[in-house]
Amino acid sequence: MVARVSTVAFEGIEARAVDVQVQVAPGLPAFAIVGLPDKAVSEARERVRSALIASGLALPARRITVNLAPADLPKEGSHYDLPIALGLMAAIGAIPPDALSGFTVLGELGLDGSIAPVAGVLPAAIGANSRDEGLICPAACGAEAAWASPDIQIVAANSLIQIANHFRGTQVLSRPQPKVHEAEANLLDLRDIKGQESAKRALEIAAAGGHHLLMIGSPGAGKSMLAARLPSILPPLSPSELLEVSMIASVAGEIEGGALTARRPFRAPHHSASMAALTGGGMRAKPGEISLAHQGVLFLDELPEFDPRVLDSLRQPLENGEVAVSRANHRVTYPARFMLVAAMNPCRCGHAYEPGYSCRRGRIERCTGDYQARISGPLMDRIDLRIEVPAVTASDLILPPPTEGSAEVAARVAAARDVQLARYAAAGLPHIRTNAEAPASVLETIAQPDAQGQKLLRDAAETMRLSARGYHRVLRVARTLADLDGAEKIGRLHLAEALSYRALADDVRRAA
Numbered sequence: 001m002v003a004r005v006s007t008v009a010f011e012g013i014e015a016r017a018v019d020v021q022v023q024v025a026p027g028l029p030a031f032a033i034v035g036l037p038d039k040a041v042s043e044a045r046e047r048v049r050s051a052l053i054a055s056g057l058a059l060p061a062r063r064i065t066v067n068l069a070p071a072d073l074p075k076e077g078s079h080y081d082l083p084i085a086l087g088l089m090a091a092i093g094a095i096p097p098d099a100l101s102g103f104t105v106l107g108e109l110g111l112d113g114s115i116a117p118v119a120g121v122l123p124a125a126i127g128a129n130s131r132d133e134g135l136i137c138p139a140a141c142g143a144e145a146a147w148a149s150p151d152i153q154i155v156a157a158n159s160l161i162q163i164a165n166h167f168r169g170t171q172v173l174s175r176p177q178p179k180v181h182e183a184e185a186n187l188l189d190l191r192d193i194k195g196q197e198s199a200k201r202a203l204e205i206a207a208a209g210g211h212h213l214l215m216i217g218s219p220g221a222g223k224s225m226l227a228a229r230l231p232s233i234l235p236p237l238s239p240s241e242l243l244e245v246s247m248i249a250s251v252a253g254e255i256e257g258g259a260l261t262a263r264r265p266f267r268a269p270h271h272s273a274s275m276a277a278l279t280g281g282g283m284r285a286k287p288g289e290i291s292l293a294h295q296g297v298l299f300l301d302e303l304p305e306f307d308p309r310v311l312d313s314l315r316q317p318l319e320n321g322e323v324a325v326s327r328a329n330h331r332v333t334y335p336a337r338f339m340l341v342a343a344m345n346p347c348r349c350g351h352a353y354e355p356g357y358s359c360r361r362g363r364i365e366r367c368t369g370d371y372q373a374r375i376s377g378p379l380m381d382r383i384d385l386r387i388e389v390p391a392v393t394a395s396d397l398i399l400p401p402p403t404e405g406s407a408e409v410a411a412r413v414a415a416a417r418d419v420q421l422a423r424y425a426a427a428g429l430p431h432i433r434t435n436a437e438a439p440a441s442v443l444e445t446i447a448q449p450d451a452q453g454q455k456l457l458r459d460a461a462e463t464m465r466l467s468a469r470g471y472h473r474v475l476r477v478a479r480t481l482a483d484l485d486g487a488e489k490i491g492r493l494h495l496a497e498a499l500s501y502r503a504l505a506d507d508v509r510r511a512a
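Numbering (UniProt numbering), first residue to last: 1 to 512.
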């Protein structure tokens with residue numbers, strides 16, 4: 001007899017259906033797993049054997065063969081334990097043979113028969129729901145699976161015995177309900193920062209339009225403090241964004257307790273991070289920091305200290321909003337639509353922009369040039385806003401706290417994003433959410449400046465030698481500035497401010 005159980009194999013955040021075929025046949029006692037399993041799947045034999053014995057079910061002294069079809073698809077991970085065990089239980093008559101039909105199964109087994117949580121339950125549940133199947137999963141992942149659909153049937157159990165009793169009718173396992181993390185009230189507030197009004201303005205523009213931001217300033221100027229307060233002014237994730245972000249977190253195994261969170265991701269990897277850590281990789285091609293920051297913020301502090309090759313690997317994701325991770329036997333694509341916020345010192349000494357400072361490493365121009373040259377021109381061209389963050393003076397620190405905090409800024413950001421959503425939905429582009437994502441072909445319609453603005457933009461493009469990409473990014477920032485002002489048309493002032501953010505202070509002076 002051959003018992004069949006459905007499970008999944010993960011390719012990125014996509015859950016591909018896998019058919020687990022279990023045969024118990026006469027012959028010398030053996031337990032073989034075929035179908036391109038990795039080490040974790042091959043080790044499932046001992047976990048399944050011990051879990052069944054702990055549950056009061058001894059394996060028959062016969063030849064057991066488990067086939068994972070399709071055989072040419074690599075099978076990775078420990079979530080195959082539960083489907084193999086349930087297939088064996090169906091093959092030996094411990095549960096009704098047709099009980100598992102119409103279910104997708106995944107879970108890791110302990111030696112005592114317990115079912116441990118695994119990564120990827122949410123995309124597996126979404127895939128099962130698309131095939132009109134139910135889901136059998138660990139109890140710790142039930143709340144996560146419930147987000148797939150209110151109609152999907154979910155059996156979330158703590159042990160093999162509970163599943164067997166459920167299908168025999170001696171125990172009823174209730175359907176888990178979706179959970180969400182409570183919003184934290186202790187987010188860092190912009191009111192904590194004294195001074196730096198121009199930097200706060202740039203932060204608001206970046207949040208409103210989803211623009212990339214680079215802050216350059218002396219140590220202690222407040223660059224990291226500003227970046228840490230960015231989540232407090234970003235709007236919460238929409239329902240569709242919540243599922244996108246949570247599917248990536250689920251595959252990476254970063255969903256705690258099965259509860260999702262509506263807060264946008266904020267990832268801040270150390271400057272020693274490798275390319276695989278940032279873009280994704282490893283033997284199982286897991287998502288990297290840029291994918292875990294999808295629909296959120298990727299903060300790179302001490303930007304020039306990152307390996308230049310690692311930084312250049314950000315070029316394609318910054319442009320396309322996705323990253324492809326290729327391996328010898330497969331290739332996966334992860335979403336990576338993030339907002340890059342970077343901070344750096346002007347030079348290795350860190351004080352080049354301070355008045356009267358004499359660089360210890362020689363001429364200031366050479367020190368700053370060598371240090372900033374670690375960031376390639378193509379990467380810099382993809383950053384919309386570049387600002388200098390001056391050192392905070394003692395007179396700034398003794399001032400009373402500012403009256404405007406994150407709540408007021410967040411309200412303006414949310415209003416501007418609502419305008420953008422409505423604009424792109426009316427244009428037949430519902431997948432575009434912010435001005436930073438707007439394709440160049442649409443900018444001619446939505447970001448057409450007035451006559452004075454066109455003349456300013458034409459002169460600045462020649463003086464500043466803007467590339468085609470830089471030209472379009474200036475228009476996107478100007479469109480965001482107009483949205484913050486509630487203006488339908490882009491004016492000269494909007495373009496002037498957008499151009500000022502496009503260059504550093506010395507470039508602005510040359511353009512003038």
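Treat the hints with caution; some may be incorrect.
As the list claims (entries may be wrong) - Computed list of lysine-lysine pairs in DSSO-like fashion (alpha-carbon distance at most 30 Å, straight line):
(1) K489 - K200
(2) K200 - K39
(3) K200 - K179
To be verified - Just the calculated beta-carbon pair ranges, DEER-fashion:
(4) S149 - Q454: 42 to 52 Å
(5) A425 - A391: 25 to 35 Å
(6) D98 - G56: 17 to 27 Å
Hints were generated in silico from the structure; no laboratory data involved.
Keep in mind it's a predicted model, so treat the numbers as computed, not measured.
Think of the CB as a built atom: it goes at the ideal place given N, C-alpha and C, for glycine as much as any other residue.
Checked hints:
| no. | hint | in the structure |
| --- | --- | --- |
| 1 | K489 - K200 | holds, 24 Å |
| 2 | K200 - K39 | violated, 51 Å |
| 3 | K200 - K179 | violated, 34 Å |
| 4 | S149 - Q454: 42 to 52 Å | holds, 50 Å |
| 5 | A425 - A391: 25 to 35 Å | violated, 44 Å |
| 6 | D98 - G56: 17 to 27 Å | holds, 22 Å |
When the structure is compared with the earlier hints, violations turn up for hints 2, 3, 5 and for no others.
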